[in-house]
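Q: Chain by chain, the residues run as shown.
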Amino acid sequence: MRTLKFLLRKEFRQIFRNKSILPMIFVVPILQLLILPLAADYAIKNISLAVVDHDHSPYSQKLISKITSSGYFQLTGFCDSYKTAMNLVEKDEADLILEIPEGFEKNLIRESEQKLFVAANAINGTRANLGGVYLGSILRNFNSEVRMEWIPVTRFSPLATIEITSSNWYNPHLNYNYFMVPGILVILVTMMGGYMAALNIVKEKEIGTIEQINVTPIKKYHFILGKLIPFWVIGAMVFTVGMLVSWLVYGIVPLGSIALLYGYLAAYLLSVLGFGLLVSTYSETQQQAMSVAFFFVMIFNLMSGLYTPIESMPDWARMISHFIPVTYFVEVMRMIVLKGSEFHNIITHLVAILLIALVLNVWAILNYRKTSS
Amino acid sequence: MKQFFTFVRKEFYHVFRDPKTLLMLFGIPVVQIVLFGFALTNEIKNSKIVVADYAHDNASAEIINKIKASAYFDIQESLMSHEQIEEAFRSGKIKLAVVFPANFNNDLVHLNHAQIQVLADASDPNTATALTNYISSIVNDYQMALLKTQQIPYRIVPEFRMLYNPQLKGATNFVPGVMSLVMMLVCVMMTAVSIVREKELGTMEILLVSPFKPILVVISKAVPYLFLSLVNLTTILLLSVFLLDLPINGSILLLYAESSLFILTCLAVGLLISTKTDSQQAAMMMSLMGMMLPTLLFTGFLFPIENMPWPLQAISHFVPSRWYYIIVKSVMIKGLGISQIWKETLILFGMMLFFLGVSIKSFKIRLA
Amino acid sequence: MREPVIKTEKLTKRFGDFVAVNEISFETYPGEIFGFLGANGAGKTTAMRMLCGLSIPTSGKATVAGFDVFTHRDDIKQNIGYMSQKFSLYEDLTVLENIEFYAGIYGLTDREIKDRTDELIQKLGLQKEAKHLVASLPLGWKQKLAFSVALIHRPKVVFLDEPTSGVDPVTRRQFWNMIYEASANGVGIFVTTHYMDESEYCHRISIMVDGNIEALDTPANLKKKFEADSMDEVFYQLARGAKRQAD
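Protein chains in written order, with numbering that gives the first Met the number 0: chain A, 0 to 372; chain B, 0 to 367; chain C, 0 to 246.
Warning: the hint list may mix true and false statements.
Claimed, not checked - With a straight-line Cα cutoff of 25 Å, these simulated SDA-like cross-link-like pairs (lysine to any residue) come out:
1) C:LYS141 / A:GLU205
2) B:LYS9 / B:LEU207
3) B:LYS67 / A:ILE309
4) A:LYS44 / B:LEU207
Calculated directly from the structure, the hints in this document are not laboratory data.
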């Protein structure tokens, strides 16, 4: 225990003497939390729409104004032909083209059926798809309004209607930041903890002080604990700064228990630091450690379900994501912060992260050989 | 000229004798293509939902069957109370609940008006919106089918066409992005680090006192990375054509020409970073912070630029990869020719000249 | 006869087919300055790593400070000091903090730490620099400090791996005075060096060639035996026959 005290004192002194550490702990999280949610706004809005109106009738006018007032669409231009509208798509200035054929109003009334043409730039499939869905529902509404106009609604109307009442729980205003900010905070804690722990140990290798440590009676686990605890504390500090920022800037206050959140964080940091430790045992130089950590953190980020839903992944990818610690904490953050989940809701997540932490740390300790064979 | 090739050969030795770097070089594009091509999609599939059918009549059964038939949902039927639904939301077991009240069919037939309740876990707003929309359209279809017997009057029938990507593949969007990301990584980071390494080891001084023009030393360091980038580009294109079934609609020649232009821009940036830093670590940090991060943020393939506030949108104009991304999308996917992308090409060309000029200048200052 | 501080018998280390250290046997005693010489790649470092408990021998026997290198490596570590050619103090800690750290991890009590720190600072005359970062000290001072720190827990034997490389002649002289002082206090000194003139300061010397100890005696006897004027010449005569490439 006494050895550990001296190890920890040394680590903390070194860490806080490093001039670049404090800004890293405070400034980087703040900047990232300010910029990333602004950038990672996947809410589909401002879909730019080019309209080719061959009809110029009151109905076509009404339809267009209904679309623009929906809030999803932004009218980028009235074109006289499909071809000019297509030019806008090619220049990425329009996502959707709505073509209203000539005689739209007349035919709708007279023939009782009329076609409309919608073309979407589907390079970004999600955007095109959702744009189509939104436009479809506006068209349906418009359609029923037209119908109402011509068919007086009576109590015995032949048109049976099913009303769908939908309610959005936990986030009634569909604020995208609520979704992203807690997730981004996880990535932040992961990068800080993982990189810094890995680099710190490799640095001792590079400058040779590890040799000196190895000939002292320090036990393997003392040395590793001496390295992990400081970064564990720093991880918790970064997290706290991040939580404060998300409260002050985005008004996100955890719905669930803060103690539970920190309890999970504690377990999660064990796995992240285990990862950093593992990387450091496989690297000789800081550059190698950085490349290797970068490679894996990239995969972690992409596959964690932060940006794209995990259940949409194919089976093999879903399997992989189950081995990634980030996955669990992203979910747990969203559960506790947004939905107020309680301990019994996250037990499986907790067991999973503890198992991952155990495997990573044992692997790292076995691989960190103080005595070569 | 012979000397020049000697130098270039030496650089190739450096690159190929470092397996960890090679792994980075070829591992990252392959992993990214596979991930983006197969694993990562914004599409919503297999979402777990629960259906609570208190009606148990023909109408509700028919609608539930329709929901079951869709690939979007992974259905569980259970008569859950609101409390139980809330509990399931909290454990992350379901994303949405559909509740049919008792007497659903009865209301529909006799009152001509029935209700379905849709409760969504909106902590993920996009999924919630999309799922709710899917359910609505299924119910709407059912309604239409109900009315089929009677002629529905005044019908507007929209016809949808998905341009360029009828199957709505995610890869179409991501591949051009991955291309710019990888070029950036290889050219900027590797070039900068490899030049700075020679500085750190002191071998740069030896090269500079050799009877060889300093600028040629630098060019010879860049040549292997230009070559590697083109190999990487080819790998990515082959993977996306044969693995992801992505078409190359435009001219391949144009694609390579534009890519070379972008690679040159990146090499110039890498050179610039190398003249400004003295340690590999610093070069690495600067490439990551200065180039990788902006590339990820502002290229437009990961984060939608059009949703960003204007200051960020303004910044994005200064990121070379943004323009390259537009060019690749236009040439590869839309099949456009140079006449439609001359503006972007010109901007990229201007950036290349700028970075090359500044870096050569600061390289000369360092020598003086 | 006194108890030896290091005693090896046919100590061997193999890496696959390669015999890095081949059946070396020797003894060193308290207060003795034992010079361990050899060209690069001769097996010096491997031998030293085994004696420090960093590497497990393939065969043979060895005890350091009375403890077996196979079974009691942790006890060995508690009783040896070590200083390597790579500077081994933390540059981003102050002089005091480095002393405190190393004293602490050897399990000294707070009382002992304080007394020995004062004593050490006094002896090195570092009162003014005590609170400065080690990075700001000149190399010679760092080297002397590192040596003192290696002795802070009063080890029975101290291993010095090329301790004076890169140090100016005056500091080297002072450094050797410190070694003599430690030796006078009964600490066994095990030192490797590249400077042949330095080897003359040792009480006894062993010279390794290709994993074997080819010569082991006092400098005077060795010179007589090889009919040489200096240790330099002795070393050259032996090392010339080496088959291994330097690493």
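Q: All the hints need checking, so say for each whether the structure fits it.
A: Structure-based check of all given hints:
Only pairs whose Cα atoms come within 25 Å are accepted, and LYS141 of chain C paired with GLU205 of chain A is accepted, the gap being roughly 19 Å. Between LYS9 of chain B and LEU207 of chain B the CA atoms are separated by roughly 15 Å; this keeps the pair inside 25 Å, and the hint holds. For the suggested pair LYS67 of chain B and ILE309 of chain A, the alpha carbons sit about 20 Å apart, so the restraint of at most 25 Å is met. Annotation: proposed proximity of LYS44 of chain A to LEU207 of chain B is violated, straight-line Cα distance about 56 Å (limit 25 Å).
This entry does not satisfy hint 4, going by the numbered hints stated previously; all others are met.
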